[in-house]
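Participant: Sequence:
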Amino acid sequence: MSDLHVVATVQAKPGSEEMVRDGFPPLEVATRKEEGCVSYQIFESTTAVRTFVVLEVFESQEAFDAHLQTPHFQAWMNTFGEHLTGAPVVHILKALP
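Position 28 of the sequence shown, counting from 1, maps to 28 under full-length UniProt numbering, and the rest follow consecutively.
Warning: the hint list may mix true and false statements.
Label-pair ranges, simulated between beta-carbon atoms [unchecked claim]: (1) 3 with 69: 16 to 24 Å; (2) 44 with 81: 25 to 33 Å; (3) 35 with 14: 31 to 39 Å.
Simulated from the structure, these hints should not be mistaken for laboratory data.
Ideal Cβ placement from N, Cα and C applies to all residues, glycine included.
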């Protein structure tokens, strides 16, 4: 079975970008320690204002689903969700043959 590749984007509300940016490192560190996490990187867009992109690779859909239920992910969403323009946009990708 091949790894599950995920791209998630969030946009901070105006004036909240620094708060959102500063909230990512603890989430990144905790997620990288999860069983089934292959890679987890967070980027800030240089072309879309206040936009952050998370590139994620998990061993399986089950590992990704478990990530969404972890205390650190739930805490991040509870703390920073109100500072986003909307829900994260999540794309689960499959490689072309």
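Participant: Compare the structure with each hint and give your call.
Facilitator: Hint check:
no.: 1; hint: 3 with 69: 16 to 24 Å; verdict: 19 Å, holds
no.: 2; hint: 44 with 81: 25 to 33 Å; verdict: 18 Å, violated
no.: 3; hint: 35 with 14: 31 to 39 Å; verdict: 37 Å, holds
The structure is inconsistent with hint 2 alone, although it conforms to all the rest.
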